[in-house]
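Using the sequences provided together with the hints, build the complete structure.
The lines below spell out each chain.
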Amino acid sequence: MKKSWKRVGLGLLTAGIALSLVACGGGNDKKESKGDEVTVDIFQFKVEFNEQFKAVAKQYEELNPGIKINISTVGGGDDYGAALKTKFASGEEPDIFNIGGPEDLTTWEKSLADVSDTQAAENALEGTTNAVTRDDKILGLPYNMEGYGLLYNKKVFEDAGIKVEDIVTQEDLRKATETIDSKKEELGLEAVFALPAKETWITGLHASNTFIAPEFDNDVNKTYESKALDFTYNKEFKEYIDLMQEYSVQPTNSLDYSKQMEELFSNGLIAMTQQGNWVYGTIEEIDPEFAENNVGILPIPVDGVAENKIPVGVPNYWAVNNNSDDKDQQAAKDFLDWLYTSEEGKKVVLEEFKFIPAYSGFDTEKIVDPLSKQVYEYSNAGDATGWVFMGYPTDWGMNVLGAGIQKYVSGEGSWEELMDDVKTSWEDSRK
Amino acid sequence: MSAKKSWFYAFTAPVVVALFCVVILPLLYGLYFSFTDWDGVTVNAFVGIQNYFDVFKDEGFRSALWFTTKFSVVAIILINVIGLGLALLVTQKFKGSNFLRTIFFMPNLIGGLILGFIWQFVFTKAFASIGSALGIESLQIWLSTTQTGFWALVIVMCWQMSGYIMIIYISYLQSVDESLLEAASLDGATSWQKFWRVKFPMIMPGFTVSLFMTLSNCFKLYDQNLSLTAGGPYNSTQMVAMNIFNTAFAQNKMGYAQAKAIIFFVIIAVISLTQVYLTKKREIEV
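First to last, the protein sequences are chains A and B.
Numbers 1 to 431, taken from UniProt numbering, label the letters of the first sequence in order.
Numbers 1 to 286, taken from UniProt numbering, label the letters of the second sequence in order.
Because the hints were derived from the structure by calculation, they are not lab data.
Please read all numbers here as calculations on a predicted model, not as lab measurements.
We put the CB at the ideal spot given by N, CA and C, even for glycine.
Treat each hint with caution, since some may be false.
Listed next, the stretches of chain A that the computed footprint assigns to chain B, with coverage defined by at least 3 CB atoms under 8 Å from CB atoms of chain B [claimed, not checked]:
(1) 82 to 95
(2) 400 to 407
Partner residues are not named here, just some residues of chain A that face chain B (Cβ under 7 Å, in silico) [what the hints assert, rightly or not]:
(3) N253
(4) D395
(5) S410
Negatives, chain B to chain A, calculated, CB over 12 Å [claimed, not checked]:
(6) N98
(7) R101
(8) K199
(9) T247
(10) L278
If you want it as structure tokens, here you go:
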């Protein structure tokens, strides 16, 4: 009797170990596709268009029997990067995933397939694939184009008697700001600006980009390869930050995106704030009429650099996984091609996703919202500068410059210290 | 005897195996990674103890560690004082004491992230409104300065954890033998004396447990930190856990972050073991 108990005990022990070892080791084998069915796993980060994207995938599945599109979405910058790494580490590699720029090319070097043989790559607008081209290989296909500047409240400008065309230099901007500030009460404003210093991507990436891009000829690859940063236009940058800080709703260090856009701008409590065409949906949710008629985009003036231009760039790219089966890779490329070059696909991209297309062959008359339209017009007229912040050292823009600006606006550090810090940190990470 | 032993193995095996899989193995794996330049995708080189040297030169990590220590000291003291105070309050015999227990414990049932966002609203909106209505400048700047960020974290942490610690103290307070208290009363002890001379020594074990729990929870805090201040302004309210996470996932330096994590682990282990050893010594056997 005793002995048998012992056996049971040992049996359970071994069974337990075996079970947990199996559990630990599991999950490595990828699902085999049945027969001719090909499954394309997409792992993407744009939460805003998740539903529309799933709908379009369904449409594609119906048109192409035997192909299954599997979409999973994880939102946000850092979270997406972390989740993607987890996916790869666990062996469940997606066939299509997102990359941001030169930095990601290095990180995912071994997993990026050359997509230059696709129709979409051919149709991509001039310059939109520069950031993901390495050794003559195009490793990503642009999502869309986005642009930003100073969003202004048209009605406030009108009532204050300010013409946007007159604002060309930083001096003009300051004068306009002072004029509005003096009539603040009548215009029903809380302040002229909202400087969301809490959102380090707004200050550290977007704002700084305007003043750093000229130094690198608007070239993201040049930025990425640069060992040092001169910050030639740092005086101009300081003036821009100072102006906003002085006339902003306070305290700027806890002013976040939601307060900036939803509470202040959309309710007409501020006259200007720096944002891009992607906020259209947010404004529309609060006040559709305001969004439709009352929002304009004003280029951020930088003295000494070509005037009246706004930075337009590609926020994200589709990458095809090089490690997937050839069959899967081809299916992935076909899907992306269809999305950006077929009539059905183009319609969805323009009208459902509300994208500013980064490809030729689109009927751009149909761009729905006025903000995107304006951005597209700037881009089309050649009045666009580049997005180089994807070429900043990892985390430099947000965590070093953005956090440094927080310190500066709170009066804890001087501008000179900030400049020294950011330059040293740039050099350190590019050693 | 041997059957008993088999049962012992049978029942402990699942736990041991699970513990091995999810704690020991990752720890060893992590230790290995801390000697490499792992970026989350590939290990390019074995860098020896270079990562550890770098940690000591890392100003961000040092200030995060200092901030975490300051926060922990203040929060641990306050949580335990408030927790014990609440426990004494609700163990008095009065109507509604059970109801109050539930109320005090409730914040603990809300997840840290949500709690952080709720309090963020309280600090930036409610405080600011009160501040502007009464003309108090200092109420309008919550979460935008290091000082207010620090106290906001302390307040939220106390609010969340005091109820939990209260439960622990209640259980020890209730196990204090009534006869001891009666004897003390007969000897003419005041209620203050009864608390300090009789109750307090009797709840020392509870003190050990509570101190340990608050210590490790405060040091490892991440979620409230993220949702309340996200480290801002200028990373001055960034705690160690967040510093490690950002190093790993925002800067892509997984190996380096792992080295930080190992150092952090050693620090916490040393502090909590010392604390348990010291407070255990003061416990008395009845």
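Which numbered hints does this structure break?
9
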